[in-house]
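Student: As given, the protein sequences belong to chains X and Z, one line each in that order.
full-length UniProt numbering puts the first residue of the first sequence at 1, with every later residue one more than the last.
full-length UniProt numbering puts the first residue of the second sequence at 1, with every later residue one more than the last.
No wet-lab data here; the hints were simulated from the structure.
Quick caveat, the model's predicted, so the values are computed rather than measured.
Beta carbons are placed, not taken as given, at the ideal position from N, Cα and C, and that holds for glycine.
A few of these clues could be false.
No farther apart than 27 Å at their CA atoms in a straight line, the calculated lysine-lysine pairs in the DSSO-like style are these [to be verified]:
#1 Z/K181 to Z/K169
#2 X/K262 to Z/K135
#3 X/K145 to Z/K151
#4 Z/K434 to X/K64
#5 Z/K135 to Z/K151
The calculated label-pair distances, taken between Cβ atoms and stated as ranges, are [what the hints assert, rightly or not]:
#6 X/L149 to Z/N301: 32 to 38 Å
#7 Z/A60 to X/I160: 38 to 44 Å
#8 Z/Y56 to X/R69: 34 to 40 Å
#9 X/L279 to Z/A60: 40 to 46 Å
#10 Z/K204 to X/I116: 33 to 39 Å
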Amino acid sequence: MKRLKFAAYDKQESRAAYLFIFPAFLLLALFIFYPMFRALLISFQNYNLISTRSAFAGLDNYAKLFTDRDFGASLWHSFYFTLVVLPVQTAISLGLALLVQRKFRGVGFFRTVYFIPVVVSFAIASTIFKLLYNKDYGMLNVILKGIGLQGVDFLSNPDISMWGIIILCIWRAMGFVMIIFLAGLNNIPESLYEAAHVDGANPLQRFYLITIPLLKRTMAFVVIITTMDALKIFIPIYITTSGGPAGSTSTVVHFIYETAFKQMNMGYAAAAAFLFFFLVLAISVVQLRIFRTDVEY
Amino acid sequence: MKKSLLLLLAILVAIGLAACSSNSNSSSGTNSASGSEAAGEPEAETVTLSFWRHDYAPEAEALKKLIASFEEKHPNIKIDFQMIPNDQYETKVRTALAGGNPPDIMALDAPTLASYANQEAIIPLDDYFAKDGNKDDLLKPVIEGLTFNGKMYAAPNNEGTIVMFYNKKMFEEKGIPLPSKNVDEAWTWDQVLDAARKLNDPSKGVYGWSPTPWGFAGHEGAPYSEMAFLWQAGAEILSPDLTTSKGYLDSAEAKKAMTFWKSLYNTEKVSPKELPQDAFWNGKVAIHVDGPFAFSYQEQNFPDFKMGTDYDVAPLWKDKNMIGTTGSWGMAITSKSEHPDEAWQFVNWVTGVEGSKVWYEETKNLPARQSTFDSFAELKEYPMNIYAEQLAKYGHPRPVTPAYPAISEAIRLLFEDVGLGNADVDESLAKAVKKIEDGIALQKQ
Numbered sequence: 001m002k003r004l005k006f007a008a009y010d011k012q013e014s015r016a017a018y019l020f021i022f023p024a025f026l027l028l029a030l031f032i033f034y035p036m037f038r039a040l041l042i043s044f045q046n047y048n049l050i051s052t053r054s055a056f057a058g059l060d061n062y063a064k065l066f067t068d069r070d071f072g073a074s075l076w077h078s079f080y081f082t083l084v085v086l087p088v089q090t091a092i093s094l095g096l097a098l099l100v101q102r103k104f105r106g107v108g109f110f111r112t113v114y115f116i117p118v119v120v121s122f123a124i125a126s127t128i129f130k131l132l133y134n135k136d137y138g139m140l141n142v143i144l145k146g147i148g149l150q151g152v153d154f155l156s157n158p159d160i161s162m163w164g165i166i167i168l169c170i171w172r173a174m175g176f177v178m179i180i181f182l183a184g185l186n187n188i189p190e191s192l193y194e195a196a197h198v199d200g201a202n203p204l205q206r207f208y209l210i211t212i213p214l215l216k217r218t219m220a221f222v223v224i225i226t227t228m229d230a231l232k233i234f235i236p237i238y239i240t241t242s243g244g245p246a247g248s249t250s251t252v253v254h255f256i257y258e259t260a261f262k263q264m265n266m267g268y269a270a271a272a273a274f275l276f277f278f279l280v281l282a283i284s285v286v287q288l289r290i291f292r293t294d295v296e297y
Numbered sequence: 001m002k003k004s005l006l007l008l009l010a011i012l013v014a015i016g017l018a019a020c021s022s023n024s025n026s027s028s029g030t031n032s033a034s035g036s037e038a039a040g041e042p043e044a045e046t047v048t049l050s051f052w053r054h055d056y057a058p059e060a061e062a063l064k065k066l067i068a069s070f071e072e073k074h075p076n077i078k079i080d081f082q083m084i085p086n087d088q089y090e091t092k093v094r095t096a097l098a099g100g101n102p103p104d105i106m107a108l109d110a111p112t113l114a115s116y117a118n119q120e121a122i123i124p125l126d127d128y129f130a131k132d133g134n135k136d137d138l139l140k141p142v143i144e145g146l147t148f149n150g151k152m153y154a155a156p157n158n159e160g161t162i163v164m165f166y167n168k169k170m171f172e173e174k175g176i177p178l179p180s181k182n183v184d185e186a187w188t189w190d191q192v193l194d195a196a197r198k199l200n201d202p203s204k205g206v207y208g209w210s211p212t213p214w215g216f217a218g219h220e221g222a223p224y225s226e227m228a229f230l231w232q233a234g235a236e237i238l239s240p241d242l243t244t245s246k247g248y249l250d251s252a253e254a255k256k257a258m259t260f261w262k263s264l265y266n267t268e269k270v271s272p273k274e275l276p277q278d279a280f281w282n283g284k285v286a287i288h289v290d291g292p293f294a295f296s297y298q299e300q301n302f303p304d305f306k307m308g309t310d311y312d313v314a315p316l317w318k319d320k321n322m323i324g325t326t327g328s329w330g331m332a333i334t335s336k337s338e339h340p341d342e343a344w345q346f347v348n349w350v351t352g353v354e355g356s357k358v359w360y361e362e363t364k365n366l367p368a369r370q371s372t373f374d375s376f377a378e379l380k381e382y383p384m385n386i387y388a389e390q391l392a393k394y395g396h397p398r399p400v401t402p403a404y405p406a407i408s409e410a411i412r413l414l415f416e417d418v419g420l421g422n423a424d425v426d427e428s429l430a431k432a433v434k435k436i437e438d439g440i441a442l443q444k445q
């Protein structure tokens, strides 16, 4: 008798739950899953962006991607970008978070200053950096030359152009990551540090033995989000370099954009997008497994 | 933020929200004729035509004037005119076409015409031209540039080509003889390079020669001026039947052009890898190249930098051949338009014999019609005569083929690789040929 009652209650509960999920799911289905499904179909076709006709292509688009040097190069650029941004940005942001976590006069000012770039629109930031970077008249190079150093031609030298983008992106994102780390740091109970202090642990030991392990969840979030964002980088490239100079900053998303909207080869672009989607998915799964944690506090 | 949102929207529409396309018509205002019908208004039906063009201030003024006079003459037709930022224009048009929701009339750059025509996104205008379009009045290269598979798909607003601009004061300071104003006596590459070497002054940040008007830009502006180098050297981009670039773009002549280009940026160092804003007008570039619209730009933005004292123009440079790239923007009617006849009335109003005169007066762009040439004496005088004569004698349109987007991209990257990247000429040419071949193969499927 009692069990039956519980069952009815459970049923009611789960019905309510489904009702709550439904609106969100509907939106997801309509605006994410359905377009994705259509894109998947398109990736198996020779599909011109503005065409009324399309022809089935089977796996041709995918097969062609594996021999496409431009796509390969764009993959490498995306991964290169990510491999640099991920550790550097995480380290800088964590450093900033540790700095502004302490209570001192004016800490609010510094927190605000570090966070401001996040508020600036990416498009505007990119435009400003484009002006700063100009080889002959940009502020960066004027200053470098003023103090007797050699200028850097981020916008026209294919060997270092990616670094220009990297600096811009780290500058823009570090404030956001800093806030996340700050929240994580504030979640670590003060008592642990006090106990360690009593046990005679020095600041470095406290950082490696308490802060880092207890930040693992936050770290997981930061690493996964940063990786995905970095791999998908597009706006600053579209605005500052258009993939140049000489194709040296053409990332995967830029390649997809160019193929779809400039070359109007939607089928091929969709195939590239799906291939990339599965790559990012695989990376995220691996990262989740690595960061699986059982530290509780 | 706005860009990313736009892109997101673009992608969403593009991947085919087919379900929404039927009722999204009204929301973006493609045509609201059906709306007024539904309202059951008793008077004559008002047709609203949407018209998209890229944003360029002097031309927008001209269009607003023409639209006002057109609406006055045709009270039953309203023009919904939208200007779209230049770098987003093509994407926006293509997304709208993909979504089945394009404007009635769209502006297009001559070489993109074939892609649209080939996909039947725009309609041929031959019947209209035969009726009241005064086609005989149009210049030959203009018709050539707007014709695909024997049919004409757009009406030209104007024609375009580029000539050499030079900083007269700098030339005089260095004692360099000024180039001739006769289009038959254009300077050779070597003459220009020789002058550029003398004019180049890295300590002052002055470059001798900028061979493209907007530097290495990510848009059509770059290939427009770069293609001329290939043709001048005697190379071709495509075979005469437009089916292949093998044996044409990788010819010895093309190699010569690219080797010369490479030297400008990497060994001679007379050309800027990064072109600052308004470099020529600020005296940072001594030899420059630009279209006729540059004069009104100078008047508006650099009124103290005067023609005759500070700068002058001369015909474009030459090598084996004297050739200047031609082609400009025109207006096309989309096949989705429910009112093609009314759309033509408007197109003809803007691009016809009278409209072209208004257009020239406002924009000072090179006319596409002989009648316009005949009615303005200044077109026969310096500096416009250089444009006009170079166009008539040495004009060369960009190839009209559905594979043009691939060609434009391949040429742009080719000149970037070699100029900025100092890449191997043979390798870069092979890469460009492959890209174009892929583009052509795609069109055949």
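Student: Indicate, hint by hint, whether the structure satisfies it.
Tutor: Hints versus structure:
no.	hint	result
1	Z/K181 to Z/K169	17 Å, holds
2	X/K262 to Z/K135	31 Å, violated
3	X/K145 to Z/K151	58 Å, violated
4	Z/K434 to X/K64	13 Å, holds
5	Z/K135 to Z/K151	12 Å, holds
6	X/L149 to Z/N301: 32 to 38 Å	34 Å, holds
7	Z/A60 to X/I160: 38 to 44 Å	39 Å, holds
8	Z/Y56 to X/R69: 34 to 40 Å	36 Å, holds
9	X/L279 to Z/A60: 40 to 46 Å	44 Å, holds
10	Z/K204 to X/I116: 33 to 39 Å	37 Å, holds
In the structure shown, a violation is registered for the earlier hints numbered 2 and 3, in ascending order.
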